[in-house]
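Following the hints, position chains B and C with the ligand against chain A.
Chains as they are written, first to last, in our numbering: chain A, 54 to 222; chain B, 306 to 678; chain C, 155 to 369.
Derived from the structure by calculation, the hints contain no laboratory data.
Warning: the hint list may mix true and false statements.
Said to hold, decoys possible - Result set (DSS-like, lysine-lysine): computed pairs, CA atoms no more than 27 Å apart in a straight line:
| hint | chain 1 | residue 1 | chain 2 | residue 2 |
| --- | --- | --- | --- | --- |
| 1 | B | 524 | C | 365 |
| 2 | B | 632 | C | 285 |
| 3 | C | 365 | B | 632 |
| 4 | B | 589 | B | 487 |
| 5 | C | 365 | A | 166 |
| 6 | A | 164 | B | 543 |
| 7 | A | 148 | A | 209 |
| 8 | B | 543 | B | 589 |
| 9 | C | 342 | B | 605 |
| 10 | B | 632 | A | 164 |
| 11 | B | 543 | B | 524 |
Unchecked claim - Ranges between beta-carbon positions, derived for each pair:
| hint | chain 1 | residue 1 | chain 2 | residue 2 | range |
| --- | --- | --- | --- | --- | --- |
| 12 | A | 214 | B | 556 | 50 to 58 Å |
| 13 | B | 346 | C | 366 | 34 to 42 Å |
| 14 | C | 171 | B | 631 | 32 to 40 Å |
| 15 | B | 607 | A | 116 | 38 to 46 Å |
| 16 | B | 655 | A | 111 | 34 to 42 Å |
| 17 | B | 496 | A | 143 | 36 to 44 Å |
| 18 | B | 472 | C | 160 | 42 to 50 Å |
| 19 | A | 143 | B | 400 | 51 to 59 Å |
Since this is a predicted model, take the numbers as computed values, not measurements.
The C-beta atom is built at its ideal place from N, Cα and C for all residues, glycine as well.
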Amino acid sequence: MGTEKVPSSIVHFAELDKLLNLCRANSLWPMTFGLACCAIEMMCTGGSRFDISRFGAEVFRPSPRQSDVMIVAGTITRKMEPGVKTLYDQMPEPKWVIAMGNCAISGGPFKFKGNYNVVEGADQFLPVDVYIPGCPPRPEALLEGIMTLEEKITGKRRWPRRQPGQVTG
Amino acid sequence: MTVPIQCRPDEVFVLNLGPQHPATHGVLRVKLTMDGEYIVKAEPVLGYIHRMHEKMAEAGSFAQFMPNTARMDYLHALAYNHGYVLAVERAAGIEVPERAEYIRVITVELNRLSSHLLWWAAFLLDLGGFTPLLYAFDDRERILDLLERITGSRLTYCYFRFGGVYNDIDDEFIAGTRDFIKRLRSRLPRMYHDLVTHNIILIKRLKDIGFITPEQCRKYGATGPVARGSGINYDVRKNEPYSVYPEFDFDVPVYTECDSMARYMVRMDEIEQSLRIIEQALDKLPDGPVKAKKVPKILKPAAGDYYAAVEAARGAFGCRLVCDGGKSAYRLKLRSPTFSNLSLFGEVAEGMLLADALAFMGSLDLVIPEIDR
Amino acid sequence: MSIVEETRKALLQLFPEQAAAEAEAEAAADAEAAAGAEADTDATAEDTASTEEAGEAAGGEETAAEPAAPAKEEEPAEEGPRENGVLVTDHAARGTHLDVLCDPEQVVEAAGIMDEAGFFLEAITGVDWIKEDRMEVIYDYNQTGPDPCRVVVRTFIPRANPEIPTISEIHPGANWHERETHDFFGIKFQGHPYLEPLLLPEDADFHPLLKDFTP
Ligand code: SF4
Chain A
54 MGTEKVPSSI VHFAELDKLL NLCRANSLWP MTFGLACCAI EMMCTGGSRF
104 DISRFGAEVF RPSPRQSDVM IVAGTITRKM EPGVKTLYDQ MPEPKWVIAM
154 GNCAISGGPF KFKGNYNVVE GADQFLPVDV YIPGCPPRPE ALLEGIMTLE
204 EKITGKRRWP RRQPGQVTG
Chain B
306 MTVPIQCRPD EVFVLNLGPQ HPATHGVLRV KLTMDGEYIV KAEPVLGYIH
356 RMHEKMAEAG SFAQFMPNTA RMDYLHALAY NHGYVLAVER AAGIEVPERA
406 EYIRVITVEL NRLSSHLLWW AAFLLDLGGF TPLLYAFDDR ERILDLLERI
456 TGSRLTYCYF RFGGVYNDID DEFIAGTRDF IKRLRSRLPR MYHDLVTHNI
506 ILIKRLKDIG FITPEQCRKY GATGPVARGS GINYDVRKNE PYSVYPEFDF
556 DVPVYTECDS MARYMVRMDE IEQSLRIIEQ ALDKLPDGPV KAKKVPKILK
606 PAAGDYYAAV EAARGAFGCR LVCDGGKSAY RLKLRSPTFS NLSLFGEVAE
656 GMLLADALAF MGSLDLVIPE IDR
Chain C
155 MSIVEETRKA LLQLFPEQAA AEAEAEAAAD AEAAAGAEAD TDATAEDTAS
205 TEEAGEAAGG EETAAEPAAP AKEEEPAEEG PRENGVLVTD HAARGTHLDV
255 LCDPEQVVEA AGIMDEAGFF LEAITGVDWI KEDRMEVIYD YNQTGPDPCR
305 VVVRTFIPRA NPEIPTISEI HPGANWHERE THDFFGIKFQ GHPYLEPLLL
355 PEDADFHPLL KDFTP
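With the rest of the complex left out, here is chain A (with noise of 0.2 Å):
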């Protein structure tokens, strides 16, 4: 994590380059589009008591097209997989993709012997930035999640880690 380099344009200007993924990573557009169970946690994430805007990642896009990031939030079935690499496709570049919540990591609690419908993890056909665990990650989670992936932008970490147990100030 920080150190894997995010696909640019194939001339560098270091420090622009630097002051522009410093500028994408504080205003990450997320794209509205939720699929399940997950996608009620990314509403409350948006709503009053999280309030993601305080990350910059407030400016929930209905469009592809405006879009820096998916949060693939649910379950992704047969029938659903093309739609959604589609919607992949639609992104302009820079684009990431956060794996939220357990299905889009690897099918979940979907995933058992007969499964005919169910596509186990979103890894299986996206390039996948952030994995987000729970069933259904608690919103936190999600915060957390946008920050690894600023961090994964810029390099570096801009809000502080705090260990399990650690008592807030």
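Same frame as chain A, but now just chains B and C with the ligand:
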């Protein structure tokens, strides 16, 4: 509102609404044949989130299926918990202690509140108002806090057990719930009704839109607020009482206007009724165990089939459980209310303006994973 | 008369034999009662007269229908195959009030009777009884009146050639339910206007809820 369609057949065009569309609340797709702004034909296409619940019920044991019930209608997960445990308890002949029944009612009704609040927020978002969402989520988060305290999760509860509930409620929960009731009561008339319900824009957008006759409701099997908005006085809690609902004094709001506004009003009134039920249940809460003793770990109900129905936030949810004497269900059919409610859409939306159709769709309160199961 | 009794009576139109048998039993019961109370000749004459209208009057009197019900209840619990007919079931134990077993051809007629009685269709369930080499189709009906009355209509069709007439003309809501059942079990609903996959992908050619299905 129906407008006679007089266009030439070669002037109509096909429009895809969804599967990724903010107003379809998930991944519903509607194939629309349009004449300008008017809908000639609307055909919902389902299955984008079909998650094999019925197959999974056959693969695992009865207890293993419990978490699935919460993932069908995740907004009113506890009602689905309830419907499923009722069916299995009926099949296996398990008695539930009284305190557990009361806790079930309290939590189901709290969950119904959170479901209606979310519907309210999302519905108004469809209509173009963003601010109500912030108010509704403020209240909703408080319900989630309360439920999280006792169930352990915020959304996909797996709280009920065969013969009771997972754990007891404590004084803090009771005090918190009472506080919440007071808070919502004070906010309902001022914030919800004064700001939104009496708003002329809302009224203009909902009045006389999406007219569903009672006969249509019956022919398509619509239940819940959709049927009650069309003057059908049907609520499983009253008509076919289960659990301890007969103990409580509450009304079933019925409106006869048959339009989207009526459905809106039914849900808003139900919020008040749910508050009443919770209040009475807290007052009457008996002491005792919250789980039946001697419920076997592995259930093997006798062969036969059983039906149980509950009133979920969207209508009558039913479980048809077919057992063959084994330790998993031979077949579990889940009757989801929105499946039937949505099947109306095609017929009613004909001749509507597209923007009105979206208001109408919002008033049906769709949860797609529950339709597709 | 309670709604359960009324509906039962209406459904007996499907089964003239059961209706006739019940009418006979009732006549016998009446005759007994008549023997007991010979004094009131007028009333008994009327009673016997009414029961002679076989089929129609069956189950008309609650006193006659009540003792008959528990006796029939034991039938499905036993191993022997159940005969076509209407059963009164215990709602507390089963969740339904009336249980109808009929021939596949009769489901449309049954749907018509239910429609006339003001019922709506709740769900259609398929069950794959692979060991018996047949499939079951269960129709759940319900009504919105003040008293509960749930009716289940069930029928069996051969597994090799699962075909059954559609009821979507009578209950338009059945359209989707039948499509769903076709998805899951491959049951063909003859006369259905649009029997395409509903929940499965458009090109799906498998029926996942069959017991011998492997993905
Ligand atoms: S991970 Fe859990 S909560 Fe999220 S979509 Fe899947 S089942 Fe629903």
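Measure nothing beyond the straight line between the CA atoms of residue 365(C) and residue 632(B); if it is 27 Å or shorter, mark the hint as holding. Satisfied, since the Cα-Cα distance of roughly 16 Å is no more than 27 Å.
Mind checking the alpha carbons of residue 543(B) and residue 524(B) for me, to see if they're no more than 27 Å apart? holds, 22 Å
Tell me if the straight-line CA distance from residue 365(C) to residue 166(A) falls inside 27 Å. holds, 13 Å
Is 36 to 44 Å a correct range for the gap between the Cβ atoms of residue 496(B) and residue 143(A)? For residue 143(A) against residue 496(B), whose Cβ atoms are near 39 Å apart, the range 36 to 44 Å holds.
Quick check: does the Cβ-Cβ distance between residue 346(B) and residue 366(C) fall within 34 to 42 Å? Because 39 Å falls inside the window, the suggested range holds.
Does residue 605(B) sit within 27 Å of residue 342(C), going by the straight-line distance between their CA atoms? violated, 33 Å
Are the Cα atoms of residue 632(B) and residue 164(A) separated by 27 Å or less? Holds - the C-alpha atoms of residue 164(A) and residue 632(B) are around 20 Å apart, at most 27 Å.
Does residue 164(A) pair with residue 543(B) here, judged by a C-alpha cut-off of 27 Å? violated, 39 Å
Satisfaction of the hinted span 50 to 58 Å by the C-beta atoms belonging to residue 214(A) and residue 556(B): holds, 52 Å
Residue 589(B) and residue 487(B): Cα distance at most 27 Å? holds, 18 Å
Lying within 42 to 50 Å: is that true of the beta-carbon distance residue 472(B) to residue 160(C)? This hint holds: roughly 46 Å between Cβ atoms.
Is it true that the C-beta distance of residue 607(B) to residue 116(A) lies inside 38 to 46 Å, as the hint says? Violated, at about 55 Å.
Taken one by one, the earlier hints fail for this structure at numbers 1, 6, 9 and 15, listed in ascending order.
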